[in-house]
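Based on the sequences and whatever the hints tell you, model everything.
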Amino acid sequence: MPARVYIESLADHVDADVVVKGWLYNKRSSGKIAFLELRDGTGRVQGVVVRGKVGDDVWNAAEEIGQESSVIVAGRVKADERAPSGVELTISAIEVVQAVDGYPITPKEHGTEFLMDRRHLWLRSSQQHAVLRVRSQLEKICRDYFYERGYTLVDSPVLTPLSVEGTTTLFSTDYFGRPAYLTQSGQLYQEAGAMAFGKAFCFGPTFRAEKSKTRRHLTEFWMLEPEIAYATIDDVMDIAEDFIVTVIQKALVECDAELTTLQRDRAPLEQIAKPFPRVHYDESVELLQTAGEDFEWGSDFGAGHETILSEHFGTPVFINRFPTKIKPFYMEPDADRPDLVLGCDLIAPEGYGELIGGGQRIHDPDLLERKLSEHGLPTEPYQWYMDLRRYGTVPHSGFGMGLERLVAWVTGRPHLRETIPFPRMVGRLEP
RNA sequence: UCCUGAGUAGCUCAAUCGGCAGAGCAUCCGGCUGUUAACCGGAGGGUUGUAGGUUCAAGUCCUACCUCAGGAGCCA
Numbered sequence: 000m001p002a003r004v005y006i007e008s009l010a011d012h013v014d015a016d017v018v019v020k021g022w023l024y025n026k027r028s029s030g031k032i033a034f035l036e037l038r039d040g041t042g043r044v045q046g047v048v049v050r051g052k053v054g055d056d057v058w059n060a061a062e063e064i065g066q067e068s069s070v071i072v073a074g075r076v077k078a079d080e081r082a083p084s085g086v087e088l089t090i091s092a093i094e095v096v097q098a099v100d101g102y103p104i105t106p107k108e109h110g111t112e113f114l115m116d117r118r119h120l121w122l123r124s125s126q127q128h129a130v131l132r133v134r135s136q137l138e139k140i141c142r143d144y145f146y147e148r149g150y151t152l153v154d155s156p157v158l159t160p161l162s163v164e165g166t167t168t169l170f171s172t173d174y175f176g177r178p179a180y181l182t183q184s185g186q187l188y189q190e191a192g193a194m195a196f197g198k199a200f201c202f203g204p205t206f207r208a209e210k211s212k213t214r215r216h217l218t219e220f221w222m223l224e225p226e227i228a229y230a231t232i233d234d235v236m237d238i239a240e241d242f243i244v245t246v247i248q249k250a251l252v253e254c255d256a257e258l259t260t261l262q263r264d265r266a267p268l269e270q271i272a273k274p275f276p277r278v279h280y281d282e283s284v285e286l287l288q289t290a291g292e293d294f295e296w297g298s299d300f301g302a303g304h305e306t307i308l309s310e311h312f313g314t315p316v317f318i319n320r321f322p323t324k325i326k327p328f329y330m331e332p333d334a335d336r337p338d339l340v341l342g343c344d345l346i347a348p349e350g351y352g353e354l355i356g357g358g359q360r361i362h363d364p365d366l367l368e369r370k371l372s373e374h375g376l377p378t379e380p381y382q383w384y385m386d387l388r389r390y391g392t393v394p395h396s397g398f399g400m401g402l403e404r405l406v407a408w409v410t411g412r413p414h415l416r417e418t419i420p421f422p423r424m425v426g427r428l429e430p
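Heads up: the first sequence runs through residues 0 to 430, numbered per numbering that gives the first Met the number 0.
Keep in mind that the hints were calculated from the coordinates and are not lab data. Any given hint could turn out to be false.
[Claimed, not checked] Once the Cα atoms are required to be at most 25 Å apart in a straight line, the calculated BS3-like pairs of lysine-lysine come out as:
(1) Lys52 with Lys20
(2) Lys107 with Lys198
(3) Lys326 with Lys212
(4) Lys107 with Lys26
(5) Lys31 with Lys77
(6) Lys198 with Lys212
(7) Lys273 with Lys249
(8) Lys210 with Lys324
(9) Lys324 with Lys370
(10) Lys210 with Lys326
(11) Lys77 with Lys26
(12) Lys139 with Lys273
(13) Lys20 with Lys77
(14) Lys198 with Lys249
(15) Lys198 with Lys139
(16) Lys52 with Lys77
(17) Lys249 with Lys139
(18) Lys212 with Lys249
(19) Lys326 with Lys370
[Said to hold, decoys possible] Pair by pair, the computed Cβ-Cβ distance ranges are:
(20) Gly291 with Ala256: 41 to 49 Å
(21) Ser135 with Glu80: 29 to 37 Å
(22) Asn59 with Gly313: 56 to 64 Å
(23) Ile32 with Glu138: 21 to 29 Å
Think of the CB as a built atom: it goes at the ideal place given N, C-alpha and C, for glycine as much as any other residue.
See below:
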């Protein structure tokens, strides 16, 4: 019995007899020759079955199995210039693990709802497979970036008794008779992490019960949130900038095959370089008004405004120092401008929207207490958070990055729903 | 929550002014030794989203509802 080889490594086994374990991706056949396109999760290879050179049982098996039948095939690896991967497999034996008839996702086109209802099968299709491989690589690259720089991973809880940004967009649940919420952000807990470890980060799912029906929103999405003690808003923009440049450069190398499958134009990604423009909120308002937008000082940006700003610069761009009233309670006021806070957003190019939101947090206990009451928040559930200011408070800053928006940008996908294995959206909880 | 659009064969879509509901793919049968979403011939496959209404006649027009998609708001 020859050794089992993964399809991605077949090129290292030319002229050897091997076994491939996988599934039938597609099939083409004529009277005396059949082409079985096989996949095993690591790649695809064309298997060739020639009538008369194999037993009738092998030929009949090749003729009868349908798309996504599970098969174990034995054969010899042949170099062939006609094959996209450079090799194909001359099949000598086929063990049908399960013969499948009527696989729903055919090689022709399908609608969004049909495919999303069958997301558990759609993952096998080459484009979806490539997007999720990129997601997997990006998660590793992101984690490695912070591990390599001395950060400690401090997992934030998913179930919490308090809200970070208002209760209207929280999913609530019952916790042994008490109300509890699915977290909107791990940030508050990361501030505890920063005080304990100096540099901390978390990377996990977060939830927003927003009824957003757009291509840029999910109700469950993954967020990467570093938090750094003694860092200012300018430090955090330095870190976010270096992080994004490093991630994109690594992704271009490590996701090369996937980006080819996805036909992603690499040029806009290859151009990403330091420094990113840092635009004061006041300046961004002027830019929008010059562009003819009806935009008043003090408003928050809509999707259209972000697109105008990102197209104006053609690179990732930081907008910093926002009006106090449009930002959460924990943001540090600008010492020079009491109507502003030290927050910053990074807007991605190519219309992918806000990729990062961050800034400097309030470290003064009295100020924080005052802000809590100004926002109408109860102080009791925040006592542990207040403790961080009572016992050794220091200036600190951090940011949050939406993983799915990063994946969408890198892969060039228009919709976030394809960037996560099983998307959760308004009106979709299955599969 | 609001605005716009779409629901016809398993899937993707046609159907002119309101006048016999059709094609490609998939499935089944047959053919083909180099195919790359293979190709060629044949067959089966329909309560046109749901409920009403107008009409000699409704996929098509009217009303309500349901579902999906795109966008707005909000955000990462």
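The hints, checked one at a time:
Proximity of Lys52 to Lys20 is assessed by CA-CA distance (about 22 Å); at most 25 Å being required, the pair is judged to hold. A hinted pair counts as satisfied when its Cα atoms are at most 25 Å apart, and Lys107 with Lys198 does not qualify at roughly 50 Å. With a CA separation close to 23 Å, the supplied pair Lys326 and Lys212 stays within the 25 Å bound. Distance hint between Lys107 and Lys26 is fulfilled; the C-alpha atoms sit about 14 Å from each other, no more than 25 Å.
A C-alpha spacing of about 19 Å is found between Lys31 and Lys77, which places the hinted pair at or below 25 Å, so the restraint holds. Proposed proximity of Lys198 and Lys212 is contradicted: the alpha carbons are some 36 Å apart, above 25 Å. This hinted pair checks out: Lys273 and Lys249 have alpha carbons roughly 15 Å apart, not beyond 25 Å. Only pairs whose Cα atoms come within 25 Å are accepted, and Lys210 paired with Lys324 is accepted, the gap being roughly 23 Å.
Under the criterion of a C-alpha separation no larger than 25 Å, the hint pairing Lys324 with Lys370 is consistent with the structure, at around 11 Å. At roughly 20 Å between alpha-carbon atoms, Lys210 and Lys326 fall within 25 Å of each other, so this suggested pair holds. Distance hint between Lys77 and Lys26 is fulfilled; the C-alpha atoms sit about 19 Å from each other, no more than 25 Å. Under the criterion of a C-alpha separation no larger than 25 Å, the hint pairing Lys139 with Lys273 is consistent with the structure, at around 22 Å.
As the CA atoms of Lys20 and Lys77 are separated by approximately 17 Å, the hinted pair is consistent with the 25 Å bound. Straight-line distance between C-alpha atoms of Lys198 and Lys249 comes to about 22 Å, which keeps the hinted pair within the 25 Å bound. Distance check on the hinted pair: Lys198 and Lys139 sit about 18 Å apart at the alpha-carbon level, within 25 Å; holds. Straight-line distance between C-alpha atoms of Lys52 and Lys77 comes to about 16 Å, which keeps the hinted pair within the 25 Å bound.
As the CA atoms of Lys249 and Lys139 are separated by approximately 11 Å, the hinted pair is consistent with the 25 Å bound. As the CA atoms of Lys212 and Lys249 are separated by approximately 32 Å, the hinted pair breaks the 25 Å bound. With a CA separation close to 11 Å, the supplied pair Lys326 and Lys370 stays within the 25 Å bound. Between Gly291 and Ala256 the CB atoms are about 43 Å apart, so this pair conforms to the stated range of 41 to 49 Å.
Between Ser135 and Glu80 the Cβ separation comes to about 31 Å, which falls inside the hinted range of 29 to 37 Å. Checked against the given bound of 56 to 64 Å, the beta carbons of Asn59 and Gly313, roughly 59 Å apart, stay inside it. Take Ile32 and Glu138: their Cβ atoms lie about 43 Å apart, and the range 21 to 29 Å is violated.
Hint check: violations occur at hints 2, 6, 18, 23; the rest are consistent with the structure.
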